[in-house]
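Undergrad: Residues per chain are reported as follows:
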Amino acid sequence: MSGPNAGGPRTPRGEHPTRPAGRPRATKTGTSLRSAKPAAPVPPTAAIDRADRPAEDTDPYSEAVLEARLGRRARDVLEATVVLEAWTGRPARSAMNAARGLVSIDGPPLRALSSSDPFADSERSSVIAEGLTLVLLIISIAAWAAPIRTHLGPNVLSHAIRVALPLAIAFQWGLRSRYLGRPQGLACLARDGLWVWALLLLAVDAPLALIHGWGPVAAMMVPIFVGGTVLTRRGWGLIYAGVLVVGTLVMGLGASPDAVLAALTTITLAMCLLAVRSSKQTRTDERAGTVDRALTAALIGGAMGVLLVADPTVSLGVHGAYPAIALLPSVIGCYWGGYYLWNFFDAVPRGMRGVALDRAGRVALSDPAMSIFVGAIVRLIIAEAVLSALVIGLGQVFSGLLRGSDAITVFIAFGSIGTLSMLIGLLESFALQWAALLATLAALAVELVWPGIVPGGTPGLAMAAGASFGVLLTLPALVRRLAHSGGTLATTLWIQ
Amino acid sequence: MNTKLRATANNSPAGSPGAGRHVLIITEGTYPYATGGVSSWCDILLSGLPDIEWSVLPLIAGGRHVRPRMKLPPNATLLRPIELWSQERAPRGLSRSNADSGSLPTQLLRGLMPWQGDLNQLRLALVRCRLRPHSVRREFRAHESWTRFLAELAQLLTEGHSDSAPAPIYDAIEAARLYQSLYWVARTAAVPTPPCDLLHVTAAGWAAIPAIVHKAMHGTPILLSEHGVYVREAYLASISDTAGRPGHGATSPRLALGLTRAAYAAADMIAPVTEANGEWEMGLGVNPDKIRVIPNGIEPSLHVGPARGTKRVVAIGRVDPLKDVQTMMLVAQEVTRRMPEARFEYWGPVTSGQEQYGEACQRMHRQLGLGERFRFMGRTEDPHAVIRDADVVLMTSISEGMPMALLEAMAQARPVVATTVGGVPGVVKGCGLLAPPGDVHELASSVTTLLRNPSLARTLGQRGFERLHRRYTLSRCLGAYGTLIQEMTATGAPA
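Which chain is which? The protein sequence lines are A and B, in order.
When we follow the numbering used here, the leftmost residue of the first sequence carries the number 1, and every step to the right adds one.
When we follow the numbering used here, the leftmost residue of the second sequence carries the number 1, and every step to the right adds one.
In isolation and in its complexed conformation, chain B is listed as follows (with noise of 0.2 Å):
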């Protein structure tokens, strides 16, 4: 473990620590709207501390008819959700002043597109926001406002810096869809939120807008839990993006490194589930002593069962392009190219407005021919039995922070093939075989090779269920939160 990290040895049972205070968790896109990944891990941490009381404030898209997919435990109260992109209206506020100068854009602008943003004017425009919603549509319906905006744009471009190559030149078009994007910030802004003890925020992006407010305000201390690292996974939704339409590819990773920028300056603490996402923390310029590393947990089983050796392969995750499914079934193709009798299945839902994505893998897969020897399953409810059945987890991601398809691997003594992303190899270390990102002929050969060795195959996942045993338990997660959460409620931040 880095040095630099500090890392979280707190073994005390949950529950306990942070009684009696009143957390509210922001989250975006997930809990308790979807389910697995963050949602589950949202569910697993209002559950396990219930002496928290807690009040969830979720960011949704909108323009959509969504309903609660997740029940929430009794101590947690779910609030009306902040909706994006929708036709929404910000807020109303009481007071009510003619002293709209158009001015809030281009400060929004300013703090959120350059390079290095100017943070206090950001905190600034976002507070105003909150302290006068009802203006927050009318600057931005102004044309004084966009003209304004539109001058600042073209000096930002102008403004260059060592890690970046020549602004792109803009047209109307994205200068609109940027002014449009500031928009659903400062509406964001506006939204008010509930007195509390903490402010715990959940992605470094969106979520931390209502949370950098409150803090400018009220003073609240702000807990960031990072489980990817939310302007690299921006990044990557932008490469993927950049066939249709490169102007988007340039103005929404930019918008959302500032958003990080903002929630990492915001933040007392910030705590990564993996060391690999706290590398990019640090390398975004946050203080490694702001940076507890606090892995997932699951709750272990005490007895697993041997492999039955049926040569099944099993990969666990939603049918997304971050997932590289097309990269899985090539190594599918190569493994049972060598060994007929092998099958993979692939357990998980196409990911929400990744269904072209989705119909991609059903044609690559029509096309090599794969039939039941790749097969994909749909969601599951009990991926524990999933994994049970299988020989060998495959994970072919490009991208990953911790996933929870590795530990329920481990929990159940199953060997890993995984590619070498995230926090990956620092949780795979002596219970699987790893392989760079696309390298179908290191993936398909480690795969094989523990088909055929179930030796070695058992070998490594013993290893993984004791290294699970020893890191990874549920009881070990939820007691650093509930440990972080005490202590920064208790002083505003860790000592």
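This is chain A alone, in the form it adopts within the complex (with noise of 0.2 Å):
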């Protein structure tokens, strides 16, 4: 057989490999089956269970038929009798006597590994772009601080950041769960979401934007954050981050923030809308992930975003646009590291193939797992020291530019709140939400307690804090799993 579905080496169509006298031929008006060599009559039952019953004698036709399709001898007594009615016609019972002394007891074992890689590579060609619209977003959020203070007061982006960050953050670990996370996402989500998702965000929306002051601008950062996650999802990155550019451009030629806002909202929403619904004919049939997976990671995003703004000793925005240009080394870092971390599920895999069982189950620390989870950290961490470094200098040589919070402690609160978001991103991917939430929520609760117990309003400590004890409780337990490959393939990546 030439197609697909054929198994190891085939004779050409229409050419059998040998044609004995003991080949069966064709029948007509379904007569009985005539042969050279008809089965011996065996007892009805348990035709294959007992042992001490007679084998037919050996069929060379058999035999190359069998060769013929699978390109090596029968694994049992069932496989050959498979091939042996399929391909030859003869009824099962006396196939399965024929194959009985087809099958060899006494062979090395064959080996239950594929010779080709059945694990495809993951889609990458759209790093630098997403990490571009990432950098491109937050320089310009961090430009929006000079106009809004000056157009709307002193606290509004602040208020409208707290507000806004941890509602964003929410709204995209929970679509990124449900639906953007999955390879046919935006289908899905077009399919069967995208309401459910405007209904959500209008719910969260319209209360605040009856707060006076800031509650506008944080309504309408809410959509900005979320849709950037969807059109950088969709490949539409580059174009949102223009957008966002162009958009900032305006507002510091003096143009109205709000204005410039409620315009960046509905260019950002239009081409959300545009961007799932010409996902649309995309035809699939995945399923959505599942609604509580979804809202426990939208918890967890919350949370981290609670942890990112709780700090009052980190003002973001309020003091010129410093402190959100902190945010740049941990945000490139975090990135940087979990991009590294896709990795997972296609090299734990590859790095097993071929392991035997006693070493599929030992700890190794330069298996794939704990390798690849080495990498990201470190990429992580140089990310952050590099860039942290960088962006420092620079602010010490225009510092009437870059004015704000400057103190190193405020990029290590950063530092350490992109190591765990990238951690508690981990355990969330391995399943393990509860496990996540609980750590971020403990986090939290240290960054609050913080100030009660170290007075001083050290600027970004408190952060510093809770995130190093989030990463104090999860590093360990990711540690323990993530040195067992083989565990981890098994028990945490393919059993969720």
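Distance ranges between label pairs, derived from CB positions:
| no. | chain 1 | residue 1 | chain 2 | residue 2 | range |
| --- | --- | --- | --- | --- | --- |
| 1 | B | SER162 | A | PRO476 | 44 to 54 Å |
| 2 | B | THR158 | A | LEU295 | 40 to 50 Å |
| 3 | B | GLY20 | A | THR290 | 38 to 48 Å |
Away from chain A, derived, C-beta distances all over 12 Å, residues of chain B:
| no. | residue |
| --- | --- |
| 4 | ILE44 |
| 5 | LEU79 |
| 6 | ASN120 |
| 7 | GLU345 |
| 8 | PHE376 |
| 9 | THR380 |
| 10 | GLU408 |
| 11 | GLN486 |
For the record, the hints were derived by calculation from the structure and aren't laboratory data.
For every residue, glycine included, the Cβ atom is placed at its ideal position computed from N, Cα and C.
Fit chain to chain and form the complex, with the hints in mind.
TA: Structure representation (structure tokens):
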């Protein structure tokens, strides 16, 4: 057979490997199968389960068919039976009998290992575009601080971000868990989820918009941030970032921030609608993620957002652009490390191919699970350290432009948050949502009580303490799990 | 008919037997989410026995967004499907115990994977899943379970059997795949089933799992219907998949064998559609007394018209490797070389998951230059009309139970050319021509013979028509099921 149903080497169509005398011929008008070598009578029961029954004489034609169809010897009597029945037309009982003589129990075992690589590489072409989008997004938002302060008042942006950021991150995590983290996620969203999320967004935004002062700004920020995630997933991240940059420039030229934000919100939502609607053309029967997991993910995201804004000593956007810019090293580090962690679902199975059973349960730090994890952490730390030094250096050079909370502890705080975020994301992707949520809430609790325990008000210290506590909680659990690559694969990646 | 198998001779009208009974029917990837084949049979059965209250528990592939494609009759209720291979967790139970031992994967392994598994241990493990559903995922996610499983698997692979070659050498990936499959088995066992008088399982594989547990807990009898032979089809699928993943090829049929043995052992009665399936069942150790052949049935036409003599050869079935469509195209090439006016039509959709095979068939069609001489017609809603327009009905399958297309051909008095697989020879007795599977020359010669000899074709068609009326009517099939269900619900198992 020449199609994909072929298993191993086959003979050309219409030809038979051999046609000895025993080869059954076509039967006419449903008469019984004629054979030069009829099957020996066998007891009707347990034809293949009785070890003492006589096997048929070895049939060279049957052997040849087996070899041609399988490209190897048969694994067991049933496999040989199926081949003989399907490709020679022998009745079941006769085929079972003949099969017994065709299975060798003395040969060396076959290897249960594919010679081809069944694991496709993940899509990675958009990584630079996504990274660039992230950088442009942060710089743009950082640049909104001055115009908003000038036009709308000193505390508007600060209050708006403190509310909008946790809400937006909650939406992002929830969306990613239910839809965007899946191969056909946007098509799934288009098929069954868009109106639900639109209603949810409306339910959150409408009350926000009614709050005097900072409310409308926060209400507009939420869809802008959430929309960015959808558009990036669609591959339109650079267009989205371009729109943000243009809006920021217009704002910088003196336009009303309200009007610019309203325009950005409208454009972002319209683009999202277009992005999702156009994905509807991709017909998919892929199931969306479960609701309970998406809700838990949203809670984790929300808690991470609160962690980011709960420290009053880090006044995001109030004292200039610096605090927001200080986020850049941590966000890029987290993105780089997280991107490297994407390898997990491909590299761990690939690394375990060919690994013998006695090594499949061992602890080995050099195995793929741990090496990828360590690689991700190293990338995160390097990115955070180097970029923080760069931003601090630039801050010294352009002190007039990048003024604000320039304490090094702010960078440490954001770096800790980035690290915790990556670890929590890993826990969540391992379906350890409750552990992730508890660790995040514990980190938040420490951040909130820290000022009461350690007075002094060092910028970012409470945030750093909370995030570090969260890291300490999650790190040992992850290391213990990842030290066993085989176990990680079997118990964590493939059983969710 | 094999004297060892009990044949049905019941001609009682459908409806009255088994009245007032509640039957839980468990399907696997078929009713009501697919059409044709077993789905159509289920639909006919449920509608045809209206006095029985049916609950339908379907097992479906998870991770997919599916909707029922068939409307249930008023006497049937659709239960929430069990999703295999999905993120859905096992249902949570009320009792919470910390006594999880990490032994569940090894118990399932011992029950399912050896050539002769420990079915008692398997049954206990499956019942444990039902009693403590909350612990299933936790046990499988525990590292301790994985290490115990590895040790047990290594031990199991050293154990030989005279009917099996030495076990393949597993690597960590294949071990993890097997571990995951056992998790799905456990999760399937954990799903609760409603109280009922009879468990009707429609395939001796995954669908049997909930029934085995239910019977172990409540003593409810199990009726197993086999349209194909589950383990045979699993082996065929693994042979097709061998080029890609030999390891999986070793694991999947062995798991199917374990499930099949468990289903056979638990079933009180097994109702294959053909004696050929019964041979397989006996070959796998089933007591012949438990086997009652109930052939499929079809509503016979009272009057049929003569063939139009347009030299049209028709096939009805899914585009699937088991149907060996590529052989059919070669047959078409050979027949049209001899008779250029002959035309072949293949009616049926590509099987879900076999799109690659469908594309290969299209490529082969182009390479052979068949053009209009062989056409893929897609799904048909009216197979009777398609067959009525045919001169010959062709079937080149490498595996069949009792194909409905054969009965439809007989119902329209059309002669059949078919391969000698499964129950086909038993049905096509004197009303068609048979050839070994894959034998292009013999199949082509048979088709040519019938196209060139309309009188022979007419004679064979008429014989088929009469045979259908004698043996394969719908009322006969429904009556046999009604009687069997009545017997089983009255006593637990028929005398």
